[in-house]
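Enquirer: Respectively, the protein sequence lines represent chains U and H. Taking our numbering, the leading residue of the first sequence gets 261, the next gets one more, and so forth. Taking our numbering, the leading residue of the second sequence gets 6, the next gets one more, and so forth.
Calculated from the structure, these hints are not laboratory results. One or more of the hints may lead you astray.
Far from chain H, some chain U residues (derived; all Cβ distances over 10 Å) [unchecked claim]:
no.	residue
1	272
2	275
3	292
4	414
5	419
6	442
7	477
8	485
9	494
In silico DSS-like cross-links for lysine-lysine, where the CA-CA straight-line distance does not exceed 30 Å [what the hints assert, rightly or not]:
no.	chain 1	residue 1	chain 2	residue 2
10	H	113	U	453
11	U	276	H	113
12	H	240	U	455
13	U	479	H	130
14	U	457	H	130
15	H	101	U	276
16	H	190	U	292
17	U	501	H	113
18	H	240	U	453
19	U	456	H	240
20	U	456	H	248
21	H	248	U	455
22	U	292	H	130
23	H	248	U	326
24	H	248	U	280
Chain U stretches covered by chain H per the calculated footprint, using a threshold of three residues with CB under 8 Å from any CB of chain H [claimed, not checked]:
no.	stretch
25	315-323
26	354-365
By construction, the Cβ of each residue, glycine as well, lies at the ideal position given by its N, Cα and C atoms.
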Amino acid sequence: MKVLVPIKRVVDHNVKVRVKADNSGVDLANVKMAMNPFCEIAVEEAVRLKESGAVSEIVVVTIGAKAADEQLRTALALGADRAIRVETEEDAQPLAIAKALKAVYDKESPNLVILGKQAIDGDNNQTGQMFAALAGLPQGTFASEVKVEGDKVQVTREIDGGLQTVELSLPAVVTTDLRLNEPRYASLPNIMKAKKKPLDVLSADEVGVDFTPKVKVLKVEAPAEREAGIIVGSVDELVEKLKNEAKVI
Amino acid sequence: MNNTQVAAIFEPILGAERCLTDTASAEQYGTDWTKVWEPAPSVVLLPETLEEVQAIVRAANEHGVALVPSGGRTGLSAGAVAAKGEAVVAMDRMNKVLSYNPFDRAVKVQAGVITQQLQEFAEEKGLFYPVDFASAGSSQIGGNIGTNAGGIKVIRYGMTREWVSGLTVVTGKGDVLELNNGLMKNATGYDLRHLFIGSEGTLGIIVDATIQLARQPENLTALVLGVNTFDDIMKVLHAFQQKLDLTAFEFFSDKAMAHVLAHGVPEPFAERTPFYCLLEFEQTSEAVGETAMELFSHCLEEGWVLDGVMSQSLQQLDQLWQLRERISESIAPHTPYKNDISVTVSQVPEFVAAVDKVVQEAYPDFEIVWFGHIGDGNMHLNILKPESLPKEEFFERCNEVSKWVFEIVAKHKGSISAEHGVGMTKKPYLGYSRSEAEIAYLKAIKAAFDPNHIMNPGKLFDKE
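Just chain U, same shape as in the assembly (with noise of 0.2 Å):
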């Protein structure tokens, strides 16, 4: 059984974004970047699958500029035992990802597709269910526990006030959330192993997809500040100010 796994470069989940200037988005010169926090949840899973012996071939795929390798190399480091990049300078969005991962599921038709529920950068939780939609799949989105059992996969959703448990029969697509696994960290000599492992680069026409982005951010700002709190002297001025200046009571 073949599983295929999505990932995203993105900033760093502990770097606080600056707004730019100009707010046209946030500044990225010089900020550290790694593998999407659900992305190595998922390659975590593919991982375990292929360590119980339910799955044989973990193939890694990510949609972006040469920087990126970095991510694949992660994870093959993780346990993928190939990558594919495919080629890309701009600033790639959710429908024309889902469309370049479609073409690359019917290059390599893997049983299985896990990828991540959604980018920290973008926030979209749209990808794993456009895709689903483009190449016709069954999805368990959000899983918390994923099960494969002969043609089949059981995810257990967490939903909106409690947990679903779902069948699906292979070939399929999971998303993950956030209390799948805890993805374990690359080891040394596994790092020096994934450098021979093989990373081929697909181009944009050879997946006949346009990544020119067809959503315009218009505008990006930060939160507002928040005012600091003050220290009151007593409960009638607690009380005080509740009234006249918080207008709450």
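With chain U's structure known, arrange chain H on it following the hints.
Expert: Only chain H this time, still in chain U's reference frame:
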């Protein structure tokens, strides 16, 4: 004099509302993290200006009141404890950043500025204040300077001393001195600034400081390596230092690892090894990453290293650091006896083996947990209390252990306090690191700045 009478001396200077004599304030301001001595200050003073600090010191001289300067009170040697009716001079209200000059890359801060506040200020300016340690969220700059605080980045950035380019102090006599004024170069005789750094409040009170800032580190990356023997740790350190500028080199034993993992920190790799080291460096280019990988391969081939991981994101960097930083917290329930000691880096393995040997021979049921900043020869020795042993008896036996340990320290010409200061807890042992002649000079220096012996008496050494 009773507490009210002491307070009455200072009330004309500060007003009654900044001379606290209530029990809660006394308990809060009268102690540090050691919790051995009962806090018993006569009054807690909260000055807001240099003039007020000077007036306090002058009044204290006039009336013979002992003063304990007080910062964030996160010390581990009882340097800021007021247990004998002293007046605490708490710098909490003097917590402002006074000025910043981007060309000097220097910031002038009042002594009560919290370390983290300075770190955040530097970050806002696109710069970096590199002295960092577990208590950075509560410790104050004045206290850091008074104890010459070290921490986790000393191997690259040195101690607090390296970053102080100017000080304003009120001496024990009551004089205001402006020391070095932020100069990078100043060859005009004795540098009194450096006497105040690490003086533990025994010479006077630090009121403000000019602090130099560094550029921000780029793409910090951590390796955690599993190592077989203590000697191999030193070989790994040597190999990496030949080719990389490390920003940290920490080590901890598998016993320390076991306690941290039990606290829910994720393990770095499946196979456990006797020792671990955590290395950090700036991965400024792919070439630097390649060098690190080559060094790792070399250590693996030599058999010094058994396994290793490398952080792939800042989140993983943080998580790997938790393996080291959460040791203290995870062993705290075992009432550990702690000691902070240093020797030159080359002597570390021999030193550790010697300490292990004496402790294990005398008390085979004691669990020894080693960790520390091995890149600077600084180790934290922790001995956990066996559950069956009552606390008093355990600490009594540990007092014996201290003497053996300090004898070994003295033999290796090491320090009985690498970064925690002397205060009261290490005072009886100062002679293991400083000669009699040297201590006589220290006392003469104190007498010059503080002839009436009002500044933090009973800390560092006794009057006679």
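Enquirer: None of the hints should be skipped; say for each whether it holds.
Expert: For each hint, the structure was consulted:
1. 272: Non-interface label fails for residue 272/U: nearest chain H Cβ at 5 Å, not farther than 10 Å.
2. 275: Non-interface label fails for residue 275/U: nearest chain H Cβ at 7 Å, not farther than 10 Å.
3. 292: violated, 6 Å
4. 414: holds, 26 Å
5. 419: holds, 27 Å
6. 442: violated, 6 Å
7. 477: holds, 25 Å
8. 485: It holds; residue 485/U is separated from chain H by about 13 Å at its closest Cβ, greater than 10 Å.
9. 494: Given that every Cβ of chain H is farther than 10 Å from that of residue 494/U, nearest at about 15 Å, it holds.
10. 113/H - 453/U: violated, 50 Å
11. 276/U - 113/H: Measuring from Cα to Cα gives roughly 26 Å; hence the hint holds.
12. 240/H - 455/U: holds, 27 Å
13. 479/U - 130/H: holds, 25 Å
14. 457/U - 130/H: Violated, at roughly 42 Å.
15. 101/H - 276/U: holds, 24 Å
16. 190/H - 292/U: violated, 36 Å
17. 501/U - 113/H: Not OK: residue 501/U and residue 113/H at ~36 Å, beyond 30 Å, violated.
18. 240/H - 453/U: Holds, at roughly 24 Å.
19. 456/U - 240/H: Holds: residue 456/U and residue 240/H sit about 29 Å apart, inside 30 Å.
20. 456/U - 248/H: holds, 25 Å
21. 248/H - 455/U: holds, 22 Å
22. 292/U - 130/H: Since the Cα atoms of residue 292/U and residue 130/H sit roughly 18 Å apart, the hinted pair holds (cutoff 30 Å).
23. 248/H - 326/U: Measuring from Cα to Cα gives roughly 28 Å; hence the hint holds.
24. 248/H - 280/U: violated, 37 Å
25. 315-323: violated (count 0)
26. 354-365: Violated: only 0 residues of the stretch 354-365 of chain U have a Cβ under 8 Å from chain H.
Of the numbered hints stated above, those contradicted by the structure are hints 1, 2, 3, 6, 10, 14, 16, 17, 24, 25, 26, listed in ascending order.
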